[in-house]
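S.K.: Each chain, written out:
Protein chains: 2
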Amino acid sequence: MTWLDLPADTTFGIHNLPYGIFSTAPHGHDRRIGVAIGPYVLDIAALAADLRLHVADIFAEQTLNRFMAQGPTTWSEVRQRITDWLVSPAHRAAVLPHLIRRDNVQLHLPVSVADYVDFYASQHHAENLGRIFRPDSAPLTPNWKHLPIGYHGRAGTIVVSGTDVVRPCGQRKALAASEPAFGPSQRLDIEAEVGFLVGTPSKLGAPVPVTDFATHVFGVCLVNDWSARDIQSWEYVPLGPFLGKSFATSISPWIVPLDALQHARVQPPPRDPAPLPYLRDVEPWALDITLEVRLNGQLISRPPYAAMYWTPAQMLAHMTAGGASLRTGDLYASGTVSGSATNQRGSLIELSWGGTEPLTLPDGTQRTFLLDGDEVTLTANAPGPHGRTIGFGEVRGRIVSSVSA
Amino acid sequence: MTWLDLPADTTFGIHNLPYGIFSTAPHGHDRRIGVAIGPYVLDIAALAADLRLHVADIFAEQTLNRFMAQGPTTWSEVRQRITDWLVSPAHRAAVLPHLIRRDNVQLHLPVSVADYVDFYASQHHAENLGRIFRPDSAPLTPNWKHLPIGYHGRAGTIVVSGTDVVRPCGQRKALAASEPAFGPSQRLDIEAEVGFLVGTPSKLGAPVPVTDFATHVFGVCLVNDWSARDIQSWEYVPLGPFLGKSFATSISPWIVPLDALQHARVQPPPRDPAPLPYLRDVEPWALDITLEVRLNGQLISRPPYAAMYWTPAQMLAHMTAGGASLRTGDLYASGTVSGSATNQRGSLIELSWGGTEPLTLPDGTQRTFLLDGDEVTLTANAPGPHGRTIGFGEVRGRIVSSVSA
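Residue numbers (the UniProt record's numbering), protein chains in the order written: chain A, 1 to 405; chain B, 1 to 405.
Okay, chain A solo, but in the shape it has when bound (with noise of 0.2 angstroms):
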């Protein structure tokens, strides 16, 4: 359909088409918006500028908050200028020259991030995490199928992917000890997730309803929110997670925007008990996207996206009903993603059972939590128009060890 020449099996097709920030000089100095197709990015920024889109001047800013804040209108307008680009034969040498091959681009963290939400919304994830965490007591909280349990996580430490993650310090409490230690995490974790990204903001004091997700949702990243569980069991009563979590958040470089999903929308599960009228599904917005976790480039898991509790249109008016209001920029995720098999577990501590059974990787080797050294990459596809795959490309992270172990 593109006049591009581009491998049969690419995942970055002309129905995805999805936005990033990248350079090609040292330093990133010269950082910009590119769209990847196939095994290039199309320098955007250039290309308008030549060809005057009224909106030339918002990809030449060195994160997307500019283009996402102009709403759904211009999203779409865009997309479809740069599809005709792409399809079009009369712009091919308008096009050519601004192809840069991936090979030889770095790519930076997209987006200035406003707030970051993370949620809770895998119902496995979380029956199995009351399981390990509470094995006398009902594995879901009761307020668990009520609403989407969220919280705030530090937006500053968000990363792009291929960050390394230094193995965090902290206390942590033997459970025969009598008081806490401090020192590098025991219990590195990882957390395969799904995120969005807000586009439109929103005033104060005005929640959003379900029916306005794609309104204000620009696109959808991968998230790896990286944990220290034996950090996080000992501060997190009574106020949630804070230094389990605070020490770094990895997202993928290049956001997949909604309007590239519509083939990937489905169903969500059965409610039961039915949620309360702000919280009701009107369109679906469950999404068929399936993630891979590899460790060292060996496939652990794969947590099927569809099967999650809540959608992301419900998070959006939960997160909004109590008059908080949106900015562009605000990034929140899904909670970690596990299905109802144990191979489709989104964390190693789902996948090693709280450690007590470690996993046995492909090539022999075995794992409860992460060692220094170990890279932990997810990807993760979704169904497209005519058969063909949308991809996300990867997050991936690589464990150093403490600095001040």
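No lab work stands behind these hints, which were simulated from the structure alone.
DMTMM-like cross-link-like pairs, simulated, lysine to aspartate or glutamate; straight-line CA separation at most 20 angstroms:
hint, chain 1, residue 1, chain 2, residue 2
1, B, Lys145, B, Asp272
2, B, Lys203, A, Asp164
3, A, Lys145, A, Asp281
4, A, Lys173, B, Asp272
5, B, Lys173, A, Asp272
6, A, Lys145, B, Glu179
7, B, Lys145, B, Asp281
8, A, Lys203, B, Asp164
9, A, Lys145, A, Asp272
10, A, Lys145, A, Glu127
11, B, Lys145, B, Glu127
12, B, Lys145, A, Glu179
Here the structure of chain A is known, so what remains is to put chain B in place on it, guided by the hints.
M.R.: Showing chain B alone in chain A's frame:
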């Protein structure tokens, strides 16, 4: 000491010199940095340009962030320069045209807040809440005396003093009810707190020791962390407060420089057990700040910040112990300041003991939680040099009814 004729009882004297963002034009188009002195704002943006201060351009910004990012050497130089202007009669003629009566300016949110963290650093407050919510357990959780408990709040809903607060709607479940209901909060509360603004950023993976507090923290403000207790108590297990706190957090418009609080430094209360080494006090950073809480103009509490268990230097060291980086504009607050006496409690839930013992106001009316139309004002004073008082101005907010009630 200044050539300006100031009221003898001003708390914005020559030893204070707090910074804020003000405007004089309609709609606030001409926002810039000013310094409060007596009943005036000194337009340092204009004055610094006139007097060719080398960093003059940073005062024409719409927030304090660029100035705060300069670090303590510049903060001290600028403070010394402003003191000179207001003390040396030689500068009188140059300075006078840039003094504007505070009645004639609008004040704005002084900073673009990066991450917002709220602590829980008052032992009296934590014990009171423990007794109210968990009467059959120990009032403090086992971790409380080992680490300053904190969590991330919503930075995007931090508003400046004077902004109305819309009563939030949300899910709350009556004890006797089997299901939650959605509607306006019926237990809307205040939290009287002290906030600390980070100027100098730090690197990801590099903890900031307690000894570096004054290198990173630029100044201090008052915080009212409005809280919907019914929404909070239903949602907060297991991941902490979310919508119960995210609808609004009000801060005072004047940021008192840390340098102005040297005479307010006192020894913190004794700690038992001794904190882990990374949390040990080197210099005393407890601060003798006395807050006053007024409801519709009537004094209801005088919370003493000096009684806090954890100091702001310890909170900063803890927040970064896992390697989390600081950004210019990070705000962290103490949590509710409560003293040992009943009239030193910094929240209505404590003052009315969970709503069971209505508070009688000086005018004879009673309150458990806030009614629509109620206006809450926090002020505070600290000792300055030569028997003078350092004031913090005020943080004020009025409750307006829910939009979707």
